[in-house]
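Student: Using the hints provided, position chain B relative to the given structure of chain A.
2 protein chains.
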Amino acid sequence: MNSIVVLKFGGTSVGTIERIKATAEKIIEQKNKGFLPVIVVSAMGSTTNELLGMANQISHNPKPREMDVLLSTGEQITIALLSMALSERGYDTISLTGAQCGIITSSSHQNARIDNIDTSRIINELKNDRIVIAAGFQGVTGNGDITTLGRGGSDTTAVALAASLKAKWCDIYTDVSGVYSADPRKVESATKIDYISYDEMLEMAKLGAGVLHPRAVELARAYSVNLRVRSSFSNEEGTVIGMKNNMEKAYIRGVSSQDDIVRVSVVGVPDEPGIAFKLFKVLSENHIRVDMIIQNLNHNLLNDISFTTTIESINKTKEIVENFVSKIGAEGIKINDSVSKISVIGTGIMGYGETASIFFKTLSENGINIQMISTSETRISCIIDNASSQLALKNLHKVFIENVS
Amino acid sequence: MNSIVVLKFGGTSVGTIERIKATAEKIIEQKNKGFLPVIVVSAMGSTTNELLGMANQISHNPKPREMDVLLSTGEQITIALLSMALSERGYDTISLTGAQCGIITSSSHQNARIDNIDTSRIINELKNDRIVIAAGFQGVTGNGDITTLGRGGSDTTAVALAASLKAKWCDIYTDVSGVYSADPRKVESATKIDYISYDEMLEMAKLGAGVLHPRAVELARAYSVNLRVRSSFSNEEGTVIGMKNNMEKAYIRGVSSQDDIVRVSVVGVPDEPGIAFKLFKVLSENHIRVDMIIQNLNHNLLNDISFTTTIESINKTKEIVENFVSKIGAEGIKINDSVSKISVIGTGIMGYGETASIFFKTLSENGINIQMISTSETRISCIIDNASSQLALKNLHKVFIENVS
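Taken in order, these protein sequences are the chains called A and B.
So for the first sequence, my numbering puts the first residue at 1; every next one is plus one.
So for the second sequence, my numbering puts the first residue at 1; every next one is plus one.
One chain only, chain A, in its complex shape (with noise of 0.2 Å):
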């Protein structure tokens, strides 16, 4: 048999009619050079919008069983309207839901993780030829339930889909040409990066790199699948992600900023074992994520407790962190909402610390505060003030890549 090569396109790539067509053309590229693809696809643009929008007319609050079957009919319509579109041209193709690509999946509905996938069906289909075109985001419970994946859910069904198939690659098409070393619409100079390795990925990827998602590139780290993003509206080569990491020296790959984070402060803890460890267990029996964390010891023996989380989760936060307040006797909670994450992401940044003091340098010359710091192996961020971050990503981009490469 030969190739197989899984695609995937996001709703983007699939919002039009016309987009559709467009995507059968990239997709009989890969078939004319003797691949066997397989698809995988969003729903279309608007879809996913108009149907929430009608079940937000009959219900706040509707079960997730029943959101999955109706959010479900998204991948399935445009499965049906690509598979049209490659016959109209003269190939022959087959659509497959989830429960018929064989993905098995738990029952947590709008938010299943994939447990296994039964690839006979998908297989016979290539032997005969066929260019099977899948419904990504969604799967089935062992029970015959459907299932969707939530977030990051079609990139995850794509390479879950190239490791059981054992696929040359994995292409993500998206409506950007690959990675970049910061995000164009904020650093004009930005550079797309050719290759980057999964760990540095996952870090640009958790630091709002919208291109893919960090469970699915964790999942492509996971089984060695080749991964690659490239643009649907053009012919350009994209990005390679693959394991090789560049352990020679340390290596800057992007700069990003993120907006959409909430710095939470309880202030006057009373210092006591184990109280810094009931507040994080709160919040993570609540789901909330919790990014960078901080502890200063204050004045007469109170501790103020910092941490950082998305805005999206703020109301339930904040009730959570009040409730803890007056239970443990604190004296208040500060929620700080005008704050950005700005980062740079390398491989070794760490064991050097150069990178670290040249990031510092960097934000002290242009008189930005640093509110907070964390490190990891591949990445260095800092909370600053929301109204400083454009000006320090330019100049981190200027010092980590313009004056670098």
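Since the hints were derived computationally from the structure, they do not count as laboratory data.
Any given hint could be a false lead.
[Unchecked claim] Have a look at the derived ranges for each label pair, beta carbon to beta carbon:
1) B:222 / A:89: 53 to 59 Å
2) B:370 / A:144: 53 to 59 Å
3) B:16 / A:270: 55 to 61 Å
4) A:335 / B:89: 50 to 56 Å
5) B:16 / A:29: 39 to 45 Å
6) B:375 / A:64: 28 to 34 Å
Even for Gly, the Cβ is constructed at its ideal location relative to N, Cα and C.
Tutor: Frame of chain A, contents of chain B only:
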């Protein structure tokens, strides 16, 4: 277990969010009476046309299998939304696609036949006291491919489920309050029929009384399903459809007219054995539905063969017949699309010559010429000029319905 009832709601009954909520109330009424409701729904009024519109922009001849993948999303959207509406009112429900209902069909896409129903999932859900919301019109092949049932599909799903589940009855909710003695839009004095036999209903349905598809009536007759046609917009009693015929005397149930038919005449056909057979064989092979047939011996050993068919198949019919005419050396083809078929329906009609003679007398008294006649045990039909259709309908209704009751 309490008695199972199957309630089917068509496209207009679930056409908007408001209608879906109103339908939920209808269902709750039955649930509160202690029944175990199994609901069958169609796609929301406009959905199917939107989906067809998208498909047409891609292909004028899409593969039936992919049309089924596309169109089946329509009912899937409705089941999810209706289930949410019932949950919102505090009722435990579960939506099931055709596949999840265990509806196994033949693989003739867009026109599949139900082969059998594995009701175990539905029974389980009913045992858990859940209201089951089933997608009408769709099923799945043994291979797991999605199929749709074609015309009358949702009615057929409802009756098939009622038969398999041994339901107490099967209610078909529609936008009229039952079966009428004539189309109320055409005959103001038309009256609702309280009871009608399967055989009579079958004739009514075939003759264009749009409330029920003949296929569903046939299935109900075969399995003795207690059928009722009711309005989803009012609380009126509807029409009960059952086994019992009135065997005592001819009893006219209703009159109807059908305007979507065409009369096709092949003129100057050589009088050789088997010629008529050849014509109707080739028509049947091309799935042209032929209704009435007349053959008259003409002068010079040439025959005229006339038949009626539906207006939608006229282009294909013309092509086939023209081909036939040139092959057998007939003189030509005449098409008349300004005809109507006018019928009276009732039990034992043909056992009593009286009905036929009153029928013909009524037309003649009104100066209406009869072009063709066809009869069955429960029906007399005539083809007349369609300019006279309304006149014929009103007078037949007066003679057979109003002056009798």
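Student: Now look at each hint and say whether the structure bears it out.
Tutor: Structure-based check of all given hints:
About 45 Å separates the C-beta atoms of residue 222 of chain B and residue 89 of chain A, a value inconsistent with the hinted range of 53 to 59 Å. At about 57 Å, the beta-carbon gap between residue 370 of chain B and residue 144 of chain A stays in the expected band of 53 to 59 Å. Checked against the hint of 55 to 61 Å, the pair residue 16 of chain B and residue 270 of chain A passes, with Cβ atoms roughly 58 Å apart. A hinted range of 50 to 56 Å is violated for the C-beta pair residue 335 of chain A and residue 89 of chain B, which are about 38 Å apart.
A beta carbon spacing of about 43 Å between residue 16 of chain B and residue 29 of chain A agrees with the range 39 to 45 Å that was offered as a hint. Between residue 375 of chain B and residue 64 of chain A the Cβ separation comes to about 58 Å, which falls outside the hinted range of 28 to 34 Å.
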